[in-house]
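There are 2 protein chains.
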Amino acid sequence: MALYVHKYGGTSVGTTERIKHVAGKVAEARSRGDDIVVVVSAMSGETNKLVAYAREIQEIPASRELDVLLSTGEQVTIALLAMALEQIGCPAVSYTGWQVRIVSDSVHNKARIVSIDTERMTGDLKAGKVVVVAGFQGVTAGGDITTLGRGGSDTTAVALAAALKADECLIYTDVDGVYTTDPRVEPRARRLDRITFEEMLEMASLGSKVLQIRSVEFAGKYNVPLRVLSSFKEGPGTLISYEDAKVEEALISGIAFNRDEAKLTILGVPDRPGVASRILGPIAEANIEIDMIVQNNADDQTTDFTFTVNRNEYRKAFDILEKTCQSLGGRQVTGDDKIVKVSIVGVGMRSHAGIAAKMFEVLAKESINIRMIATSEIKISVVVDEKYLELAVRALHETFELEREKLPSTH
Amino acid sequence: MALYVHKYGGTSVGTTERIKHVAGKVAEARSRGDDIVVVVSAMSGETNKLVAYAREIQEIPASRELDVLLSTGEQVTIALLAMALEQIGCPAVSYTGWQVRIVSDSVHNKARIVSIDTERMTGDLKAGKVVVVAGFQGVTAGGDITTLGRGGSDTTAVALAAALKADECLIYTDVDGVYTTDPRVEPRARRLDRITFEEMLEMASLGSKVLQIRSVEFAGKYNVPLRVLSSFKEGPGTLISYEDAKVEEALISGIAFNRDEAKLTILGVPDRPGVASRILGPIAEANIEIDMIVQNNADDQTTDFTFTVNRNEYRKAFDILEKTCQSLGGRQVTGDDKIVKVSIVGVGMRSHAGIAAKMFEVLAKESINIRMIATSEIKISVVVDEKYLELAVRALHETFELEREKLPSTH
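First to last, the sequence lines map onto chains S and F.
In this text, residue positions in the first sequence follow the UniProt record's numbering: the first is 1, and each later residue adds one.
In this text, residue positions in the second sequence follow the UniProt record's numbering: the first is 1, and each later residue adds one.
Chain S on its own, in the form it takes in the complex (with noise of 0.2 Å):
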């Protein structure tokens, strides 16, 4: 008898009847023998009809008061879930995240889970109840109500998976896999039925918004195996656990991107130390998330610096950056929105050499201006005009022969 934790996003949740095919298929997975928690979100829309609420009321809600609107969404999705599962016959509890215990620190809008007691969830597990838990909530030591932020049910169901010390952590979403670049860009995109942690984090990251980052970090820290799969259509999905060797071991395992990017670049910045951090505190303290940080030496005694942001805060980073030019005696500061990264991703790239080189190749064949580039162990990003993306991303699905199912080898 194993023990499984299920999560379903505000999609396969969305409407009742929706909700009673997640019963149906909780039931049937129960009906296996094996031991069952649900994680849940709120059902797609509500979160953003409170959002809407409290925006009306106050310009930049409270944060404490907004964590006590928003965790409703997830609570009310538990009570109908567990009523569903009673209703065919299926034994269910539910429980908000402070009723076990989930723990988190006081960062309200964004916490971390500290803690979760499993004590109570086992104690219905053994009894033969599925246990449903809200996603995407904790409670701070003091008893405040916190929210995860976005896509935390996703990093929910991973601490509970790893808390329970379940067998696997299944993801239900509405697409059934992890593909090797997104199939509205390229049609010959595959599912892939395995992909490491690692390789998924860099995906994540770079806009293959299938899973929430922060929940792929934990659960290849506690090394609980993550599989996402469809609510909709059946399939094994795609399972990402440490690399092993039966893995398939292709050179890169996707293409990612990311359109929401825009890149700003100050010229000619006197050269000492502590500039970067001169630059990029300013953008920090108004709270703009920073993606790539490239820095060029223009000569001996003045650098040029460029990073890129979110293309929403271009503006707000824009006059920040201006500011800053002013007070350290830069030039210019300039700037990009319709810019665009492409990445490729793979825990194969580590071992061999040429692959930078190939795909600069393959873009410069393509006529494709590289505007910036940066490298990781297992990912290559370059941003390039926004134009440029689908070419881009075809061209290197191509080369890399991500099309074809690749047979475990041994190279």
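One thing to keep in mind: the hints can contain errors.
Claimed, not checked - 27 Å max Cα-Cα, derived DSSO-like pairs, lysine-lysine:
1. F:Lys-20 / S:Lys-49
2. S:Lys-49 / F:Lys-25
3. S:Lys-316 / S:Lys-365
4. S:Lys-365 / S:Lys-25
5. F:Lys-49 / S:Lys-20
6. F:Lys-49 / S:Lys-25
7. S:Lys-49 / F:Lys-49
8. S:Lys-338 / S:Lys-365
9. F:Lys-49 / F:Lys-20
10. F:Lys-338 / F:Lys-25
Claimed, not checked - Residues from chain S that keep clear of chain F, each with C-beta distances beyond 12 Å, as calculated:
11. Thr-16
12. Pro-61
13. Gly-73
14. Leu-125
15. Gly-128
16. Glu-168
17. Asn-297
18. Glu-377
Think of the hints as simulated: they come from the structure by calculation, not from any bench.
It should be emphasised that the depicted structure is a prediction, and the values quoted were computed from it without experimental measurement.
Every residue, glycine too, gets a C-beta built ideally from N, C-alpha and C.
Given the structure of chain S, go ahead and fit chain F onto it with the hints provided.
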């Protein structure tokens, strides 16, 4: 400096605009230097929406899960009201039932409050904050969410006022006080400045739906002065407190009525000890609430037994009663779901004979046939045909001169 508990019902917080309006009223009260605790209901329509969801999923929703579901309604309101207060510069903090340990018994859907932990609230009040508490909900000692049943937010407000030793509990609603009778039936109905707890209890239970009966009981028990007033219109409302020398001493304070009644009679039942419980037992087991009960001995051997139930449960009660009739060897079951109850209420009648006679005389003069009579110390109720409701109320209102303001007198 005084401490007031304010309670705003669903209509008063039905939109974000109205929540802002409530925030304005609360901040104004706070600015007079008093400590304020606010109890709120779910935004109007929310509870019904949630109940509809539950019914779509489960015929009879699991009671524990229904409480998890319904308690989200008030949780939304507390967060929004706290935000609205912060927005206008009035420091505020919101609490759910479990957060301030409104501990209840574990009778889901109609739990009773056992204790309240005031420590957190008094700390916040001392720190100058307005405390916003979710009405209608509690938590069991074991950590399960409960609700107090319909109108339970009033009970929460009174219980908090008692626990905090508040100077007054102000119930803001969509009417501007307690009237001598329903103004829609008798346009000359008059707002009462004061009424006693006992009178209010009789008025509430008889269908003057201004206040939930349990909250009045509670207020009486803990001697919390209760004021009913409008959240839309300025005015003193009606103060509900213990009778004191200065209270206007009317014979009759008001006329209550209830349109939702149905009457059932079991005829010719052998008159043995225990027959009443054998008749009412199965009704109670089916969770049907009984209002009036009258028993007439038809002869030495048999008895006729009549009671009233809510009209919605007439059919169900009838079926149960037919089975009981068979097993008890009764003659026949009859019933009527086109009846109403009309009651006159007043502490003044304690010391005045002839009130009942006067009531019956008025009804007789209008040719209204009385189908049942029940009396208590401060109330006389009659059941009449539905069609006579308005006529009966107006005739009684005039006879007992309720449209006239009474001055304190010494009789």
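Consistency of the no-contact label for S:Gly-128, given chain F and a CB cut of 12 Å = holds, 16 Å
query = When you look at the beta carbon of S:Thr-16, is every beta carbon of chain F farther off than 12 Å?
reply = It is violated; S:Thr-16 is separated from chain F by about 4 Å at its closest Cβ, not greater than 12 Å.
request  = Starting from S:Lys-316, check that the Cα of S:Lys-365 is at most 27 Å away, please.
outcome  = violated, 36 Å
Agreement of F:Lys-338 and F:Lys-25 with the hint, judged by alpha carbon distance not exceeding 27 Å = violated, 43 Å
ask   = Between F:Lys-49 and S:Lys-20, does the CA-CA distance stay at or below 27 Å?
value = Roughly 18 Å between the alpha carbons, so the hint for F:Lys-49 and S:Lys-20 holds.
key: Whether S:Glu-168 stays farther than 12 Å from all C-beta atoms of chain F, as the label says   = Correct as stated: the minimum Cβ-Cβ distance to chain F is 27 Å, above 12 Å.
request  = Determine whether the non-interface label on S:Asn-297 survives the test: each CB of chain F must be over 12 Å from its CB.
outcome  = With a cut-off of 12 Å, S:Asn-297 remains clear of chain F, as the shortest Cβ separation is near 48 Å.
message = Holds or violated: S:Lys-365 and S:Lys-25, Cα atoms, limit 27 Å.
response = violated, 49 Å
query = Would S:Leu-125 pass as off the interface with chain F, using Cβ distances and a cut of 12 Å?
reply = holds, 17 Å
ask   = Since S:Gly-73 was said not to touch the interface, does its Cβ keep a gap of more than 12 Å from each Cβ of chain F?
value = violated, 8 Å
ask   = Taken at face value, is the distance from the CA of F:Lys-20 to the CA of F:Lys-49 at most 27 Å?
value = holds, 23 Å
query = Between S:Lys-49 and F:Lys-25, does the CA-CA distance stay at or below 27 Å?
reply = holds, 26 Å
In this structure, the earlier hints numbered 3, 4, 10, 11, 12, 13 are contradicted, and the remaining ones agree with it.
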